[in-house]
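Peer 1: Here are the chains, one letter per residue:
There are 2 protein chains.
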Amino acid sequence: MSLIVQKYGGSSVSDAAGILRVARRVVETQNAGHEVVVVVSAMGDTTDELLDLSAQVSEHPPARELDMLMTAGERISMALLAMAISSHGGVAQSFTGSQAGMITDGIHGKARIIDVDPHRVRTCLDKGKVAIVAGFQGMSRTTHEITTMGRGGSDTTAVALAAALNADVCEIYTDVDGVYTADPRVVPTAQKISKISSEEMLEMAASGAKILHLRCVEYARRFGLPIHVRSSFSDHEGTWVLPSPDDKIKISEGVALEQPIISGVAHDRSEAKVTVVGVPDIPGKAAMIFGIIAGAHTNIDMIVQNISTKGTAKTDISFTLPMVEGEDALAALRAQQAEVGFEDLIYDDKIGKLSLIGAGMRSNPGVSHRFFQALSDAGVNIDLISTSEIRISVVTRADRLDAAVRAVHQAFGLDGEDEATVYGGTGR
Amino acid sequence: MSLIVQKYGGSSVSDAAGILRVARRVVETQNAGHEVVVVVSAMGDTTDELLDLSAQVSEHPPARELDMLMTAGERISMALLAMAISSHGGVAQSFTGSQAGMITDGIHGKARIIDVDPHRVRTCLDKGKVAIVAGFQGMSRTTHEITTMGRGGSDTTAVALAAALNADVCEIYTDVDGVYTADPRVVPTAQKISKISSEEMLEMAASGAKILHLRCVEYARRFGLPIHVRSSFSDHEGTWVLPSPDDKIKISEGVALEQPIISGVAHDRSEAKVTVVGVPDIPGKAAMIFGIIAGAHTNIDMIVQNISTKGTAKTDISFTLPMVEGEDALAALRAQQAEVGFEDLIYDDKIGKLSLIGAGMRSNPGVSHRFFQALSDAGVNIDLISTSEIRISVVTRADRLDAAVRAVHQAFGLDGEDEATVYGGTGR
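Same order as they appear, the protein sequences are chains A and B. Everything in the first sequence is counted per UniProt numbering, starting at 1 for the first residue and increasing by one. Everything in the second sequence is counted per UniProt numbering, starting at 1 for the first residue and increasing by one.
Any given hint might turn out to be false.
Cut-off 20 Å, straight-line C-alpha distance, at most; resulting in silico cross-link-like pairs (DMTMM-like, lysine to aspartate or glutamate) [said to hold, decoys possible]:
1. B:K127 - A:E145
2. A:K110 - A:E218
3. A:K350 - A:D328
4. B:K129 - A:E145
5. B:K314 - B:E343
6. A:K285 - A:E339
7. B:K210 - B:E343
8. B:K195 - B:D175
9. A:K350 - A:D383
10. A:K129 - B:E145
11. A:K127 - B:E145
12. B:K350 - B:E389
Read the hints as simulated data drawn from the structure, not as lab findings. Predicted model, so just to flag it, every value in this text is computed and none were measured.
Required output: the full structure, derived from the provided sequences and hints.
Peer 2: In structure tokens form, the structure reads like this:
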């Protein structure tokens, strides 16, 4: 008997038919002899509908009340799923985040899990029931207020619960068959990856692959938990995201890691580039600039400092950041322009980021050559470059991004013969 | 400074505009120097939409999960109201039933309040904030499960909170201006009652007046709490429901009780009549029959036992009960027909009940004469009669009920000159 945590996203439970389909799958899993915990997101459009209502009554809704509002979404889907499971002959009990012991910090809207106390869930399983847990939500340890975890929160809930319950696997059900070598909407010949290391998946997620959220992969990697990303619309095997190959893989013999050179190509259209022009080239200025940015609670991605132009003793510093945080960062910098002594700020949100990920590239010196050659052959100009041991990322013009992704995908022989199937798209 | 508990029903918060209108009223009340606690129902159609979803996934949804589902409704409206209050410059905090300390028994779907521990609400008021509390829901003392209170639950929440907080008044906002001398949809010339005793209001509610639920009036009467029933669509004074005239009325000098002879005419179309035919006329048989009915958890209203027909030593017992509980009651009786020894059961759901209520009638012997004369002049046949000190009720044919109500209303001089305004209609 295994303990399996299954997470279903909003597109899998978008209507009654979807909920009944998920319920059947859950009951089948239990009937196959497993203990099952289900983490569920809000139904399809619920999140958007609730956000729309909130926008109608308030321009800047208080964060606490927004969390109270949004958590109604999973409350609805989890109760309906419990009912649907009983229609399929199973017995299930639903739990809110706080009932399931998801203890978070007190930051409304993007709370982080600081502890998981799943004793009510464990008791529920011990009674032979299916436990259904609301994703995305928890309770603050200090204030006892209801919190939500922001994007990727439901995946993170599932992985955190799986780790706390010492589950054998966390299955993330979504509207695609698994993780692809590139976004199938951009590269129709992208192929499903059958196994990928947590490390690579982390780079994929950080580079814009939306299928799994960074936090959830980080969590799974830390606890050595295998994730199986698959579609709730089919019974096909999906993608196994496996912890470090040094760890024992518990699941089955077929999933031992064999490292391909390249796992895939990820891209990201959500970033903007800020260039701080004419920064005095003296020690401490970069630290000052990034201190200001950090004070505005902005997450910076890539950073490039150009070589100081001879004689001027001035330099330019460029960095990328989420487009939605652009205004705050600019305002914070402008407020301290005199103190830092820079000349100008240039903001560019017409950029795209492309990343090539593969654990094999650290021992393959030819990878970066082939990468830049492919971009050059496709006539794509490169704006910024950054690398890690298993990733190369470049920033290009936004309107050249798709061509760049396709060129790189083809250059590394990732194209398959069939076109991938694409369904909807989800948020949480 | 007074402490005012305001309860808004679903029709008052049916959309964003309604929520903003309620928010403005709440902020105005606070700005006038009062402490304000708001109890809110689910938005307009939410309850029906959630019930519809549940019906799509389950024929007999587990009661625990149904409560979990339904409580999402108030969660949405209370969070939106808190946001809307902040848009109007106020500061509010929303509380679920369990956060507000509404402790109930464990009967899902019709839980009863057994304790109220409003310390979080009190703290919120002490900080100068408006407290918003989800109506209709609580938490079971023993199981810590989320419960709902069934019909009238939001009104009862408001009154129970008002009593626990020692509030000065509980304002029940609805879609009509107050309590009328009859249902304005049946009697267009019905007049708004400006003051009515809790005792009479209790009889009105028990007799089918839907504006206030029986449980809430009972609660207010027990705690000596004045209720002000009024419309959220206007600023008019509504109807004051005042505890016993012996109690000190705290509100204002204008509301001291002066007892009119008759308060109003109530009617009810939701009951059915069961006649148990040919019951052996020996002691203990009636107790046996009503024991069976009680075992089926059915609430009986009127009971009439006909005089035993000479020689047969048999009698007929008739009673009325909610139509929705009719089948269960009949099944329970049939299952023990042999033991009780009755001959037959007659079920009649084409009946209507009319009640005349007035604390003044106990000292006015002419009331019942005028009452029956009016019915007779209108050609209405009477099926059953029952009375209390301040009420006369009769059962008539359903298709004669409206005519009967109008005749009695006119006979007691209750008709006004203007027609009443009627808006929508709510549930919880």
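Peer 1: Does each hint hold? Answer for all of them.
Peer 2: How the hints compare with the structure:
no.	hint	in the structure
1	B:K127 - A:E145	17 Å, holds
2	A:K110 - A:E218	16 Å, holds
3	A:K350 - A:D328	18 Å, holds
4	B:K129 - A:E145	16 Å, holds
5	B:K314 - B:E343	9 Å, holds
6	A:K285 - A:E339	10 Å, holds
7	B:K210 - B:E343	37 Å, violated
8	B:K195 - B:D175	18 Å, holds
9	A:K350 - A:D383	12 Å, holds
10	A:K129 - B:E145	16 Å, holds
11	A:K127 - B:E145	17 Å, holds
12	B:K350 - B:E389	28 Å, violated
Violated hints, in rising order: 7 and 12; the structure is consistent with all others.
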